[in-house]
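Line by line, the protein sequences are chains A and B. Under this note's numbering, read the first sequence as residues 1 to 317, first letter to last. Under this note's numbering, read the second sequence as residues 1 to 291, first letter to last.
It is worth saying that the hints were derived from the structure and are not from the lab. Misleading hints may appear alongside valid ones.
Rough simulated footprint, nothing fancy, chain A against chain B, three-plus residues with beta-carbon under 8 Å [what the hints assert, rightly or not]: (1) 44–53; (2) 105–119; (3) 261–272; (4) 277–283.
Positions of the beta carbon are idealized from the N, C-alpha and C atoms, including for glycine.
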Amino acid sequence: MKARWFSLIVFLVAILVAAITTATVTNDYFYTASFTVLQFVILATAWNILGGLTGYVNFGSAAFFSLGAYSSVVLFTLFKAPVFVSIAVGAAVAGLVGLGAGYLTLRLRGVFFAIATLALSEVLYTFVINWDFVGGSRGAYIILPDEAPLGFRNNTQYLFAVMALVTAFAISVARFIEISRLGRGLAAIRDDEIAAECAGIPTLRLKLISTTVSGALMGMSGATFPYFMQYVEPTSSFSLAYSVNSIAMPLIGGMHSWAGPVIGAILLGTVQQYVQVTVSSAWNLLIVGVMLVLFVTLAPNGIMGWVDAWRTRRSRS
Amino acid sequence: MELTADLLVNALVAGILLAGFYAAVSVGVGISFGMLDVVNIAHPAFVVLGAYVAFYANQRVGADPIVTALVLSPVFFLLGRVMYRVYYYSFEQRGQESLRGLAFFFGILFITEVGLILAFGVDYRFVNTSFNDVTWRIGFVDLPLRLVVPFVVSLAMMLGLHYYLSRTFFGRSVLAVAQDPLALQLMGVNPRRVKELAFALSLATAGVAGAFLIVIQPVQPALGREFIGLVFAITVLGGLGSIAGTMVGAGILGIAESFTATFFGPSWSPAVSFGLLLAALAFRPAGLLGR
Numbered sequence: 001m002k003a004r005w006f007s008l009i010v011f012l013v014a015i016l017v018a019a020i021t022t023a024t025v026t027n028d029y030f031y032t033a034s035f036t037v038l039q040f041v042i043l044a045t046a047w048n049i050l051g052g053l054t055g056y057v058n059f060g061s062a063a064f065f066s067l068g069a070y071s072s073v074v075l076f077t078l079f080k081a082p083v084f085v086s087i088a089v090g091a092a093v094a095g096l097v098g099l100g101a102g103y104l105t106l107r108l109r110g111v112f113f114a115i116a117t118l119a120l121s122e123v124l125y126t127f128v129i130n131w132d133f134v135g136g137s138r139g140a141y142i143i144l145p146d147e148a149p150l151g152f153r154n155n156t157q158y159l160f161a162v163m164a165l166v167t168a169f170a171i172s173v174a175r176f177i178e179i180s181r182l183g184r185g186l187a188a189i190r191d192d193e194i195a196a197e198c199a200g201i202p203t204l205r206l207k208l209i210s211t212t213v214s215g216a217l218m219g220m221s222g223a224t225f226p227y228f229m230q231y232v233e234p235t236s237s238f239s240l241a242y243s244v245n246s247i248a249m250p251l252i253g254g255m256h257s258w259a260g261p262v263i264g265a266i267l268l269g270t271v272q273q274y275v276q277v278t279v280s281s282a283w284n285l286l287i288v289g290v291m292l293v294l295f296v297t298l299a300p301n302g303i304m305g306w307v308d309a310w311r312t313r314r315s316r317s
Numbered sequence: 001m002e003l004t005a006d007l008l009v010n011a012l013v014a015g016i017l018l019a020g021f022y023a024a025v026s027v028g029v030g031i032s033f034g035m036l037d038v039v040n041i042a043h044p045a046f047v048v049l050g051a052y053v054a055f056y057a058n059q060r061v062g063a064d065p066i067v068t069a070l071v072l073s074p075v076f077f078l079l080g081r082v083m084y085r086v087y088y089y090s091f092e093q094r095g096q097e098s099l100r101g102l103a104f105f106f107g108i109l110f111i112t113e114v115g116l117i118l119a120f121g122v123d124y125r126f127v128n129t130s131f132n133d134v135t136w137r138i139g140f141v142d143l144p145l146r147l148v149v150p151f152v153v154s155l156a157m158m159l160g161l162h163y164y165l166s167r168t169f170f171g172r173s174v175l176a177v178a179q180d181p182l183a184l185q186l187m188g189v190n191p192r193r194v195k196e197l198a199f200a201l202s203l204a205t206a207g208v209a210g211a212f213l214i215v216i217q218p219v220q221p222a223l224g225r226e227f228i229g230l231v232f233a234i235t236v237l238g239g240l241g242s243i244a245g246t247m248v249g250a251g252i253l254g255i256a257e258s259f260t261a262t263f264f265g266p267s268w269s270p271a272v273s274f275g276l277l278l279a280a281l282a283f284r285p286a287g288l289l290g291r
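All chains should be modelled from the sequences, with the hints used to inform the complete structure.
Next comes the structure, spelled out in structure tokens:
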């Protein structure tokens, strides 16, 4: 399918979902739960651009997410910026940090990049706790006016619709990269970086594009978060749960196409919402960790790997 | 804050004592990451696990953490053998260690942390030992025993490991295994077995370091994450594949952190290790004593 048609369909689905839910669902919990799932879809999709397509592990999803979230806090505190402005700026900030981290470490072995992203997370966390302007460890509030824009009933529903659009955007970008020349270059790097370099692929430049795009999308996911929750504090926004989830979801769904992270995020995100309500949030994190380890050792190609195996078996018989 | 000589000397001494402990925490990663090329980012989580075991043993039967360390290290050694086998058959054999292997250890780290939260809660835990509140004073220099005892034992462990790895046949095969497993095989050594034992050894050091951790500071389940930056900063800064390098790296980190805590406040000290790690990665990834 042409990238243009694919994007069109994804955006139509997003608009349709947002329109139907806005018209029919009034339960606030439904919106909070679905918003969280969408957030994970974006994070997993973004992670997969670097992890699945390029083969580099990012342990700092929480850091890029928080960069987006705290850009929103700064912009809102200073200018009462609307959410779309914050999304754009959050994406730019997180993308630039991704570029910087990549530039410093991607020339080395891949594992150094992984460790650096983990370190980045802790450095930024320390800075945010010590930075009073964004509330330090107490957190910051974003108080939106009562009436929602564009005729939505309330801000929750408006921001859910915004999030649906951002999700559609992230999936379109991931799919576009996957089928473009860029994606083929990235796949070559993943499979054999030295051979790719010898074949004339500008590996460093492609890797940097990949980290920047991936970071920017994570920033977009984070930028809407404080608007939706109207509150953000560093311990939860830098929570390791974001980093683990954005690794676990593509691994469980399958890393070689855009559909894997989406399936993984919807599946794991929904299970987590369910467990969080019925059991406890600590158990829900344990489940994510155990599923990550089980899948990575026993089913390294994830759910999409099973689908592919089933397809080849069917076409052979 | 006024810069006085005794403040400076005390910060320096505290830094050196802390460095001894940091070396014990990092030496395991120095072995697994630096020598075996197994990027065990879950190592600090096992240090914290060791600390909780020491805490539990102390609460239940009043065991001294140092005694616990002696019991704990063989148990962790066995755990390390099991973990390396899983790692080898799932990832190394299939050539997937760079992405999925990392994710595996990340998952182990996360499970350990959440498991500890479920078992002990998120409160800080602490152990009181016979030497905990004793502080020797030499002139104006404070020597708290809760730092001195771990320092001495760590130093002994580091020196022991250094001589073991550089003088014995097994130690030399550990150094060789990441460089050229095939050549090692031709010498009649099974590379997988060498890696398995060396990895188990690295995890055994986590047990010892964990027992000290609970003596030095209160522990909570997520503490391991703060140590990741520290441990990798020390390993990279000192140079991969060298025990002496780990000691030098630990020295730099310990002193830098102690000075930051004294002059800027302890809430900034995590930024030091991560800042140094990023600087090391950017400017000298081979480390100070790197080969």
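We went through each hint and held it up to the structure:
no.	hint	verdict
1	44–53	violated (count 0)
2	105–119	holds (count 10)
3	261–272	holds (count 4)
4	277–283	holds (count 4)
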